[in-house]
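Student: Taking the hints into account, I'd like the entire structure generated from these sequences.
Quick mapping for you: the protein sequence lines, in order, are chains A and B.
Going by my numbering, the first residue of the first sequence is number 1, and it counts up by one from there.
Going by my numbering, the first residue of the second sequence is number 1, and it counts up by one from there.
Derived from the structure by calculation, the hints contain no laboratory data.
This structure is a prediction, so every number in the text was calculated from the model and none was measured.
Note that CB positions come from ideal geometry on N, CA and C, so glycine has one too.
The reader is advised that the hints may include incorrect statements.
[As the list claims (entries may be wrong)] Chain A residues, not near chain B, derived (Cβ > 10 Å throughout): (1) T2; (2) E5; (3) E8; (4) R9; (5) L10; (6) V20; (7) H28; (8) A57; (9) E71; (10) G72; (11) A97; (12) Y98; (13) E103.
[Unchecked claim] Not the full set, but computed from the structure, chain A residues with beta-carbon under 10 Å of chain B: (14) D31; (15) L32; (16) M37; (17) T48; (18) N54; (19) P56; (20) S60; (21) L61; (22) D63; (23) N78; (24) Q85; (25) E86; (26) A101.
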Amino acid sequence: MTVKEIAERLALTPICVGDVEKCVTGCHIGDLLSLVMSKAQSGDAWITIQGNINVPAVASLTDCAMVIVAEGMKLDENAQSRAEQEGISIYSSEKSAYALACEIKECL
Amino acid sequence: MAENSVKLHYNVDASDFTVAGQASGAVKKVLKQLGFSADVIRRVAVAMYECEINMVIHADGGEIDVEITPEKIRMIHKDRGPGIKDIEKAMQEGYSTADEKVRELGFGAGMGLPNMKRYTDEMNISTELEKGTVVDMTVLVK
Ligand SMILES: Nc1ncnc2c1ncn2[C@@H]1O[C@H](COP(=O)(O)OP(=O)(O)OP(=O)(O)O)[C@@H](O)[C@H]1O
Ligand SMILES: [Mg+2]
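Tutor: Written out as structure tokens, the structure is:
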């Protein structure tokens, strides 16, 4: 399923819209960035509660299809502008990482 | 050979977290333009990002030199930090001296150096207490 379709199905709030036609092929939950860098796969939907500038940087390095900032956490302003530069799709949600991951599983 | 080599130089400013990742991001773009494989790009970019962040959070910033040839990409990171007391310990997964402020940003898993080791083909660290650290990494293009 594409980023756009998942965002609609999960009722995510768009923060930064990149290439929404990208295909989501997996899911990774993580807040420790270097762990994410060792484990996240290209095409993953990355669910995190981090909202700082390093989120778009790590998403870009790992080639994640999209980022979902869970638990109602906020994305910093400079993180948002970095995401725009990098063309990363970032969404937010009030749901828990677990709930989001369960819904994503239904979409894959 | 010489005409096949691209040399890049970056200054890493330790006072500003918002620029961390700038050098690795720029190198990633260059490698893409030069047509390297996604695997090579990911390995170089992740190793460089980890190292660049370490220069900001553990040291006092520094300089990065990158040399790109069709066969390999070499990245030399020189910082002006406190040096690493026990390299063997620092290389262990999970070992970190990151403080609370840095941990809140998502760093401090103690996975940075192990990631660099895993993603590169050669890695050498030379360090001197109170002087600084040089991390020299090479990714081979196979
Ligand atoms: N350039 C450096 N100068 C001084 N100390 C360093 C440097 N790089 C690493 N270290 C030391 O080695 C430890 C391990 O580094 P490593 O990158 O593996 O983990 P970390 O940076 O603490 O956490 P993470 O990278 O997972 O966010 C650090 O906590 C720090 O004590
Ligand atoms: Mg580190």
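Student: Is the Cβ of E71 (chain A) farther than 10 Å from every Cβ of chain B?
Tutor: Non-interface label stands for E71 (chain A): nearest chain B Cβ at 14 Å, farther than 10 Å.
Student: Does L61 (chain A) hold up as a contact with chain B if the rule is Cβ-Cβ below 10 Å?
Tutor: Holds. Min distance 5 Å.
Student: Quick one, is the D31 (chain A) hint okay against chain B at 10 Å, beta carbons?
Tutor: holds (6 Å)
Student: Can we keep the T48 (chain A) interface hint, with Cβ of chain B closer than 10 Å?
Tutor: At 8 Å from the nearest chain B Cβ, T48 (chain A) passes the 10 Å test, so the hint holds.
Student: Interface hint check: L32 (chain A), Cβ to nearest Cβ on chain B, cutoff 10 Å. Holds or violated?
Tutor: holds (4 Å)
Student: Does T2 (chain A) clear chain B by more than 10 Å, comparing its Cβ with all Cβ atoms of that chain?
Tutor: Non-interface label stands for T2 (chain A): nearest chain B Cβ at 20 Å, farther than 10 Å.
Student: Taking the minimum C-beta separation from A57 (chain A) to chain B, is that value above 10 Å?
Tutor: violated (4 Å)
Student: Over 10 Å to the closest beta carbon of chain B is the bar; see if E5 (chain A) clears it.
Tutor: The claim holds: E5 (chain A) sits with its nearest Cβ about 24 Å from chain B, beyond 10 Å.
Student: Taking C-beta pairs only, is V20 (chain A) more than 10 Å away from all of chain B?
Tutor: Consistent with the label, V20 (chain A) stays out of reach of chain B, its closest Cβ about 20 Å off (over 10 Å).
Student: Grab the minimum C-beta distance from A101 (chain A) to chain B and call the hint holds if it beats 10 Å, violated otherwise.
Tutor: violated (18 Å)
Student: Does E103 (chain A) really sit off the interface, with its C-beta more than 10 Å from all C-beta atoms of chain B?
Tutor: holds (24 Å)
Student: With a cut-off of 10 Å on the beta carbons, see whether P56 (chain A) makes it to chain B.
Tutor: Holds. Min distance 9 Å.
In this structure, the hints that do not hold are numbers 8, 26, in rising order.
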